[in-house]
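Engineer: Start from the sequences and build out the full structure, keeping to the hints where you can.
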Amino acid sequence: GENVEQHPSTLSVQEGDSAVIKCTYSDSASNYFPWYKQELGKRPQLIIDIRSNVGEKKDQRIAVTLNKTAKHFSLHITETQPEDSAVYFCAATSGGGADGLTFGKGTHLIIQP
Amino acid sequence: NAGVTQTPKFQVLKTGQSMTLQCAQDMNHNSMYWYRQDPGMGLRLIYYSASEGTTDKGEVPNGYNVSRLNKREFSLRLESAAPSQTSVYFCASSATRTEQYFGPGTRLTVT
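Protein sequences, first through last, are from chains F and X. Each residue of the first sequence is one higher than the one before, starting from 1 at the first, in the working numbering. Each residue of the second sequence is one higher than the one before, starting from 1 at the first, in the working numbering.
Worth flagging that the hints you see were computed from the coordinates, not collected in a lab. Just so you know, not all the hints are guaranteed correct.
[Claimed, not checked] Chain X is faced by these chain F residues, among others (derived, beta-carbon under 10 Å):
1. 2
2. 32
3. 42
4. 100
5. 105
[To be verified] Listed below are several chain X residues computed to face chain F (Cβ distance under 7 Å; list not exhaustive):
6. 24
7. 33
8. 42
9. 45
10. 48
11. 58
12. 64
13. 99
14. 105
All residues carry an ideal CB built from backbone N, CA and C; glycine is no exception.
Structural biologist: So, in structure tokens, the structure goes:
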């Protein structure tokens, strides 16, 4: 089955700086890669996703890049703000989402004032 | 729309007891999922139902059963709870090939 590795497990950045979280996946058939943000005690919420026919996608301060050849994808957050502090999870699936997601173990992003 | 709802929010069980976690969605989604979340482990798929009338095992199905009661409802049953099943359980739903929406979670403790 699919295996998703996520790094780093904790990331501390100064407010206003950029943050990058990286994930690798093992199944070359994977074709859908979402990123979720989870605040303490809350449910995961989708912040951005990318499909395998696209190399990059942006939404305001958030971007995701995908390298299918190397089987890795990354989340980029620019101009970080205190409300960006949370745990971020990457995920992958080969069923377009219908078969369930395989998640990375998460990155705790801390924004230092 | 309430989105995805789960009951109960919290539950404490003794080892060997049984219980059913309930999940319902009002978004007319075809697919529904059960995940568990343990500290440092991310979310792991227990079972999923790609469409009404079908269910399939995920990564960690042992000790659990599921029922897709209708298009709206997907329940998770623990027949004989064990301490290793202490976790936060999330239900999710999605339309075909789109994002998954998560419920608020059920925090289960097995003593």
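Engineer: Now tell me, hint by hint, if it's right for this structure.
Structural biologist: Here's how the hints hold up against the structure:
Interface restraint check: residue 2 of chain F against chain X, minimum CB-CB distance 9 Å, threshold 10 Å, status holds. At about 7 Å, the closest approach between the beta carbon of residue 32 of chain F and any beta carbon in chain X falls short of 10 Å, and the interface hint on this residue holds. The interface hint given for residue 42 of chain F holds, since its Cβ lies 8 Å from the closest Cβ of chain X, which is under the 10 Å cut-off. Given hint, residue 100 of chain F at the interface with chain X, holds; its Cβ is 4 Å from that chain's nearest Cβ, closer than 10 Å.
Annotation: interface hint on residue 105 of chain F holds; nearest CB of chain X at approximately 4 Å, less than 10 Å. Annotation: interface hint on residue 24 of chain X violated; nearest CB of chain F at approximately 15 Å, more than 7 Å. Given the 7 Å rule on beta carbons, the hint for residue 33 of chain X holds: about 5 Å separates it from the nearest Cβ of chain F. Nearest Cβ of chain F to the Cβ of residue 42 of chain X: about 4 Å, under the 7 Å cut. The hint holds.
With a cut of 7 Å, the hint placing residue 45 of chain X at the interface with chain F holds, because the nearest CB-to-CB distance is about 4 Å. Nearest Cβ of chain F to the Cβ of residue 48 of chain X: about 4 Å, under the 7 Å cut. The hint holds. At about 5 Å, the closest approach between the beta carbon of residue 58 of chain X and any beta carbon in chain F falls short of 7 Å, and the interface hint on this residue holds. With a cut of 7 Å, the hint placing residue 64 of chain X at the interface with chain F is violated, because the nearest CB-to-CB distance is about 14 Å.
This hint holds: residue 99 of chain X has a C-beta 5 Å from the nearest C-beta of chain F, less than the 7 Å allowed. Against a cut-off of 7 Å between C-beta atoms, the interface hint on residue 105 of chain X holds, since the closest Cβ of chain F lies about 6 Å away.
Hint violations for this structure: numbers 6, 12, all remaining hints satisfied.
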